[in-house]
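*Asks:* What follows is each chain in one-letter form.
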Amino acid sequence: MESVISLTSVSRRYPRGVQALRDVSLGIPAGQFVAVMGATGSGKSTLLHCAAGLDRPDGGRVRLAGQDITRMREARLTRLRRDRAGFVFQSYNLLSELTVRQNVALPVRLGGPRARTVDEVLGLVGLGGLGDRPVGELSGGQRQRVAVARALVTAPAVVFADEPTGALDPATGAHILRLLRTAADRDGVTVLMVTHDPAAAAWSDRLVLLREGAVADDGPAADATRIAHQLQAVAA
Amino acid sequence: MIRQAFRANPWAFLGPAATQALAAALVTTGLGLTASLDGVPPDNGIADLGIIFTLSSAYLTVLVVGVTMGTAIAGQARDMALVRTIGATPGRVRRAIAAQAVLVALPATAAGIPLGLLAGYAWWHGLAGAGVVPSEATFRVYGGTVPIAYAVTVGTSLLGALVAAIRPSRLRPSVALTEALVSRRGRGRVRTAIGVLLLAGGVTLAVVISGFDAATADQAGLFVMLAMCVGAGLLGPVLLRVTLPVVRRLGPVGALAADAVTARARSLSGALVPLTLAVAFAAFTVVLGTTTAHVTGVAAPAADRWLEYSGTGAYTAFAAVAAVNTLLTVMHARRRELAVVRLAGGTRGRTLAVVVCEALVVTSTALAAGAAVAATTLLPLLHTALGTWRPWLPVSWLVAGIAGTTALVFAGMVGPAAAALRRPPIEVAG
Ligand SMILES: Nc1ncnc2c1ncn2[C@@H]1O[C@H](COP(=O)(O)OP(=O)(O)OP(=O)(O)O)[C@@H](O)[C@H]1O
Ligand SMILES: [Mg+2]
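Chains as they are written, first to last, in UniProt numbering: chain A, 1 to 236; chain B, 1 to 430.
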């Protein structure tokens, strides 16, 4: 079966010489929930950005949802992201002056597929009653649920999440993770999630560990305690 | 802390600085004219020109510098909340803001004074060339130029900044940090009421002064215009909404633009004040000239026309620069918002199309408001002087005015947005 996300020998060097990714190869099949962990500065965010076409690697190839995006033109790449990918960031990245409903409708208004209604996804993330509140008035957990709703409104093939629970308490974080887990199980959404939290990684199917920009370990995700040990071994 | 704020966003203060430099230039020119006209016999008819120009410039400066500085400070509300969180008292924040305002005004004024001297010199030569002043009279520099120019710019800069800082410096840091600036919606009623009052006052005054002699009416007309433009700015959130139903019909891009305008109505209203001023000034002078020529069948003497147009030209240019600067400041504060739209799937072209729609809303609102202000001051005047209620403007002038206003707004909104969209969105939004 073809991978929904596939990286082949991807490298990325930032100006001023930091080699953020070295020769990373990774194939992720549809519906898999993958957690990426590693010490700070190990290249997790860079990996996610390259896989999502938010950043371009210096070497190697990246395929996303069946298309080679390595040298794809910016406008076409944006449309592919809009139609096939959803994003959840630690810092929410919502328009805080607009209402919940307006934020969730954003990808559709920008031309993305209207796969689900706004009310449907708001119900899905448990924000049914808050549609008309400005996002600026919501709590962190509520905002992140808005972000998840926005990511799911186009029924994307992939959801990219960079520390989606980083700013949330464990209970609220678990709620967000359950939403991602359900999306993978029920709708076959592929999830690529960067996290620092072993408990969050334990929700995934597969754990990829990075060390200094290279894949140090790649295998089925175990429970939180075991993941914490694996992480320590790699970071040491 | 002050230095940090500057280093973090030097661009945010470029707008106020440019506006203050021009303000200093206007005041310098006015003072120079006053000094130079000192020797001209009082029956010349333009003896008061220098004083009128200086005073008008000072009033205009208070308004326009206040607006640009206020917009720049409002964009810093979040930073203020941050330093409040880590222990700065409201008083300390206000002092830092005041220092910022002074620091911006000092170099701006230093740049503006020579500019004003040059402009004054050129203008004087123009006046002499047109035969308005005796050709042997020389342009003189007023001795008190430097302290007066500094007093005007530093004073207005301080005033604008401190007024804008009152609210954010008093807010509980928690409130400001949650970005819940949306909760300001409640204050809209007082604002709207004052706006309506200013407009109504302007209309009444315009009717009253139309009965006075031409010179008095002309001078008072400026105040009517200023009052009404401030009124239009205060009513901005309401006025900007008028065109939105039309914009929403343009499809999803229009709907996004309409939402953005609604959310940013307050900061865009700041730009509406100088924009409306620019449109109103230009429309008033041009239409007065063309209608008079049309009705009486004779063009005004070249000297009079020169005087009228060069004076208005200076005000209009000043207001136009202030408008572009205010818009630039507003758009600078919106870089992150644009990046978020890109991350949500907006292509560069489509994201820019949203900004273009917003710019069209601002342009049409400013044109309508400016035309209304100009009409209010002009029509009673036309009726008294020429006995007609009907202004006359050649189509080519009308088209030029619309094109000019559109170009201004696009330079302030679409230009910076296009520049901001060149950066990868993930770098901006993070
Ligand atoms: N824009 C940039 N310019 C230069 N260097 C960068 C840039 N972004 C990241 N780096 C560097 O690349 C390396 C990898 O960064 P990356 O953000 O991918 O790490 P990370 O694993 O996500 O870290 P964290 O857990 O702290 O978020 C780091 O050494 C970082 O300093
Ligand atoms: Mg990171």
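It is worth saying that the hints were derived from the structure and are not from the lab.
Every residue, glycine too, gets a C-beta built ideally from N, C-alpha and C.
Mixed in with the good hints, there may be bad ones.
Not the full set, but computed from the structure, chain A residues with beta-carbon under 10 Å of chain B [what the hints assert, rightly or not]:
1) 6
2) 85
3) 95
4) 119
5) 129
6) 130
Here are a few chain B residues that face chain A, going by a calculated C-beta distance under 10 Å [said to hold, decoys possible]:
7) 247
8) 249
9) 251
10) 253
11) 256
12) 259
13) 303
14) 340
15) 342
16) 351
17) 400
18) 401
19) 415
20) 419
21) 424
22) 427
*Asks:* If a hint holds in the structure, say so; if it does not, say that too.
*Replies:* Taking the hints in turn, this is what the structure says about them:
1. Interface restraint check for residue 6 (chain A): the shortest CB-CB distance to chain B comes to about 21 Å, outside 10 Å, so the restraint is violated.
2. A hinted interface residue such as residue 85 (chain A) counts as satisfied when its beta carbon comes closer than 10 Å to some beta carbon of chain B; here the least separation is about 8 Å, so the hint holds.
3. Contact between residue 95 (chain A) and chain B, as hinted, is supported at the beta carbon level, the nearest pair being about 6 Å apart and thus within 10 Å.
4. Evaluation of the residue 119 (chain A) hint against chain B yields a violated restraint, the C-beta minimum of about 17 Å exceeding 10 Å.
5. Hint on residue 129 (chain A) is violated. Least Cβ distance to chain B is approximately 18 Å, over the 10 Å limit.
6. Interface restraint check: residue 130 (chain A) against chain B, minimum CB-CB distance 14 Å, threshold 10 Å, status violated.
7. Hint status for residue 247 (chain B) relative to chain A: violated, with the closest Cβ pair at about 13 Å, above 10 Å.
8. The criterion of a C-beta within 10 Å of any C-beta in chain A is not met by residue 249 (chain B), whose closest approach is roughly 14 Å, and the hint is violated.
9. Because the closest C-beta pair between residue 251 (chain B) and chain A is about 9 Å apart, less than 10 Å, the hint holds.
10. Checking residue 253 (chain B) against chain A: minimum C-beta separation of about 8 Å stays under 10 Å; hint holds.
11. Because the smallest distance between the Cβ of residue 256 (chain B) and any Cβ of chain A comes to about 5 Å, under 10 Å, the interface hint for this residue holds.
12. Among the interface hints, the one on residue 259 (chain B) holds; its C-beta lies about 5 Å from the nearest C-beta in chain A, closer than the 10 Å criterion.
13. Taking 10 Å as the C-beta contact cut-off toward chain A, the hint placing residue 303 (chain B) at the interface is violated, the least distance being around 52 Å.
14. Look at residue 340 (chain B): its Cβ gets to within about 5 Å of chain A, closer than 10 Å, so that hint holds up.
15. The beta carbon of residue 342 (chain B) comes within 7 Å of a beta carbon in chain A, closer than 10 Å, and the hint placing it at the interface holds.
16. Proximity of residue 351 (chain B) to chain A holds as hinted, the smallest CB-CB distance being about 8 Å (cut-off 10 Å).
17. Taken as an interface hint, residue 400 (chain B) does not check out: its beta carbon lies about 35 Å from the nearest beta carbon of chain A, beyond 10 Å.
18. With 10 Å as the threshold, the beta carbon of residue 401 (chain B) stays out of range of chain A, its nearest partner Cβ sitting at about 32 Å, so the hint is violated.
19. The closest approach between the C-beta of residue 415 (chain B) and any C-beta of chain A is roughly 20 Å, which is over the 10 Å cut-off, so the hint fails.
20. Interface hint status for residue 419 (chain B): violated, as the beta-carbon distance to the closest one in chain A is roughly 16 Å, over 10 Å.
21. Evaluation of the residue 424 (chain B) hint against chain A yields a held restraint, the C-beta minimum of about 7 Å falling below 10 Å.
22. Checking residue 427 (chain B) against chain A: minimum C-beta separation of about 9 Å stays under 10 Å; hint holds.
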